[in-house]
Amino acid sequence: MHRADKVDILLIEDNPEDVELILRAFRRLNMASPIHHIKDGAEALDYIFCRGDYAARNASSKPKVILLDLKLPKISGLEVLKMLKTDERTQDIPVVVVTSSREDPDIQAAYALGANSYVVKMVDFNSFIESMSNLGLYWVLVNQPPV
Amino acid sequence: MNLFQVLTPLTYWLLVSMWGYILWFLIKQLQKTDYKKHSLSVLIFILIIDALRTLFESLYFGAWFTSKSGMIPVEVYEVLSRPEIVIFPKVLNVIAASAIIFILLNQWFPAEKRSRKLNKIQAEESKRKLIESEERFRLIFENAPVLINAFDEKGKCTLWNKHCRETFGWTKDELNTEVDPLRLFYPDPLVYNQVARTVTSEPDGEFQEWRPLTKDGRTLTTSWANFRLPTGLVFSLGHDITHQKLVQSQLQVMNDALENSLNAFDIVNHEGVFTYVNQSYVEMWGYDSAEEILGTSPADHCQDPEQAAIVIRTLLSTGKFQGEFTAKRKDGSTFEVMMYARLAYDNEGQHIFPTTSIDITALKQAKEEVIKERNRLQFAMEVCHTGTWDLDLKDHSARRTLGHDQIFGYHEKVPDWSYEKFLEHVIPEDREEMNRRFLAACAQKSDWNIECRIRRVDGEIRWIWAVGRHSPLINGTAQYMVGVVQDITERKQTEIELQKSHELLEVRVEKRTSELKQQKEEAESLNRAMINVMEDLKTSNKDLEKAETALLEINKELEAFTYSVSHDLRAPLRAIMGFVHILLEDYGTVLDDEGKRIGAVISESAQNMGRLIDDLLSFSRIGRMRMQSTGVDMEELANRSFMEITTPEDRERITFQVNSMPMAVVDRELIHHVWMNLIGNAVKFSSKKDQAIIDVSAEENDDEVIYTVKDNGAGFDPQFAGKLFGVFQRLHTKEEFDGTGVGLAIIQRIIHRHGGRIWAESAVDHGATFHFTIKKDTQHASRR
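Line order of the protein sequences matches chains A and B. Heads up: the first sequence at position 124 corresponds to 124 in my numbering, and the numbers run straight through without jumps. Heads up: the second sequence at position 273 corresponds to 420 in my numbering, and the numbers run straight through without jumps.
Treat the hints with caution; some may be incorrect.
[Unchecked claim] Pairs of lysine-lysine, DSS-like flavour, derived with a Cα cap of 27 Å:
id: 1; chain 1: B; residue 1: Lys301; chain 2: B; residue 2: Lys362
id: 2; chain 1: B; residue 1: Lys703; chain 2: A; residue 2: Lys71
id: 3; chain 1: A; residue 1: Lys82; chain 2: B; residue 2: Lys301
id: 4; chain 1: B; residue 1: Lys309; chain 2: B; residue 2: Lys264
id: 5; chain 1: A; residue 1: Lys62; chain 2: A; residue 2: Lys74
id: 6; chain 1: A; residue 1: Lys39; chain 2: A; residue 2: Lys6
id: 7; chain 1: B; residue 1: Lys475; chain 2: A; residue 2: Lys74
id: 8; chain 1: B; residue 1: Lys237; chain 2: B; residue 2: Lys274
id: 9; chain 1: A; residue 1: Lys85; chain 2: A; residue 2: Lys39
If you're looking for bench data, these hints aren't it; they were derived computationally from the structure.
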């Protein structure tokens, strides 16, 4: 079994500080869900479609939710989203777009491509922790994926 | 011995018994007053007889006594007393008594004496009477206009009277059969049995309905009752009630029809009150039931109470009434009715007034509409010199309006008109073409649409335009054609003149063209000079385009910058805040108070920067946003803003006054922001006053409205008034009054976008007054 097979939350985020804060938020929730972190768009596609480093990964094992930052090196978040949502194998995985600002014009574009939700990375730490916790609670524990 | 010696005593005894009897009889009869008179005459007769007898006996006894006395010789007496002399009066006496007895017996016992004779006469008399009675009965039986049957003791029908035979159509012979003729009347055995049973068992005199058949197969409705004789003979009496039933059911049908008629129907009697109203009447007059109306006067049912009297007077004088008037319902509302009533008599010979009414309100309105429409049409046709016609396609006769005939030059309507007459009016040059088109239209059942010239009756030639349309087809043929005709001479003349002037114009144009040609050549040389100028212009245009492109690029860069500010500047801020938080959370135990304070300062600074970024973003957004102008109640908006900004404690401290302000056509959301900011500033900068006063007002001049927000707060130094609306410009320290210094820059941008101005005036500690203007013209909203 590949190390990345048993994954509930796939976090695609390039900013290490944000990654740490997000992971901390989930940790606070005491969620046992395994989280896998990916740093750029190219690696994200490799993971999703079991290519490159992830060729050995079991494709039928899907994460419960993907947290996707739109500003990613190499391949942008919107492109990753587009490929995810146009592929039959992966289009049913919920994708939550993570963004810095409510004003982001890419939010509209992300919804048009089939994003399931979006969450703002709040500047205020407490708000940030709260929004991330809500997200984890809903998509990992409450939401039932279609069978 | 002498014969008389025996005979005389016998005569005496005979007399004793006879007179004894007579006396006894007379005494008896005298007790019966009826015979008194008769008895008296008998007594008188007896007295006469007795007088006679007394004469003889006196003679006898006189002679006896006289001889005894010696006055007469004894021989006279002896002669007189001889039996043959003595017997003489006695014989007389016997005769008289016999006569009396005869008379008496004859008189008082005639019945006994005559009984035999009488019995014989009486028997003859009874027999005659019986025959007569029988004949009478037979006549009645046979000829009574009642159905009579007689049944024998076994229940077989044996007799039918004439009425019965005629009603059922059978002859005497046909009924005289072995079979019970009742079976002919009731062929259905079940029914026959029922009928036969009633003949033998039903009680007397009770009528029952039966439906027998006639010989020719008709079914009658009859009613029968049976009467039994002691001998067992049964008479059945009946009558044919078929017609009565028919009349009854017809009467019922007519009554139902009347009751359920859509027309209102009522009867008023000679006392002038309703005795009948049908359902439609009740509904038409808005009552709940007929009982409410019966017995009341019709006067209440008319708007003019006199109307009912008028109707009745007319009925009494002419026998009928037909007219229209305004009726009044129970609730007082009115409607128009048409009424028809006539005078009739009830079975006591009194006047009654049966009346039919129709609600013609809608009809009247429609009629008025039609009249209006017709007048309008007529007027339109008069104005347009148009006439209408309809042509019978069989005989070519036509009905027209006066307008039609006037077009042909007649002052009054021509008595008869036809298609042929029309053709005569068409001038010969147009006639053939005209007729051809008419026949073609008739053949194809299509519209006939022509323009032609006619010669009017006064000789003048006019142009007309006629259009005809076929009536809807019946069995594939049209019955008539309807159409209009219009005098179009003026139009035609205009057309012809237009054509002429057109031709004239063409000549002129040609002439002018050659002139122009010359001018053109001159112009061309001029043009060449112009082109040079144009080319110069083009170059400057290109410069302008370049500048525009540059501007667009700058704008794009600005957008990118804004985006970058919102995203890229936030990430480090988030990291700073997050990690300071983690630091304080995880290492709080190893940090001393100063360390914790420094951590808090870092966190607060970062938070402050976050707010600055947010304000800056909204400042940039307002420049880009699309505005939606609507009518906004500024007074309400200012009040609402104040309520949104302040807490109940604030409102206790602040006297907030809003004077009346006109409506404005602005973007509601943006102007809301302006009020929030200006009133918010006024609240903020007067927060240190115990009695703060904020005054909001508006002043109108010709082309704009000036809005003012005035407070009695901290105010500002007027020499920095120009800096107020710059981004990040603050006139107070953060410790004095919190804020980022972007708010006024934002609202200035909003006011500018509405084409208005904003300025402020103040003196330190004397409060601040902010003014802004909104143009009255709704077109002001410029986009920057």
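Hints, verified against the model:
1. Lys301/B - Lys362/B: Cα-Cα ~25 Å, so holds.
2. Lys703/B - Lys71/A: The hint holds at about 19 Å.
3. Lys82/A - Lys301/B: Cα-Cα ~114 Å, so violated.
4. Lys309/B - Lys264/B: With Cα atoms ~43 Å apart, lysine 309/B and lysine 264/B exceed 27 Å; violated.
5. Lys62/A - Lys74/A: holds, 23 Å
6. Lys39/A - Lys6/A: holds, 19 Å
7. Lys475/B - Lys74/A: violated, 92 Å
8. Lys237/B - Lys274/B: violated, 52 Å
9. Lys85/A - Lys39/A: The given pair, whose Cα atoms are some 20 Å apart, holds under the 27 Å limit.
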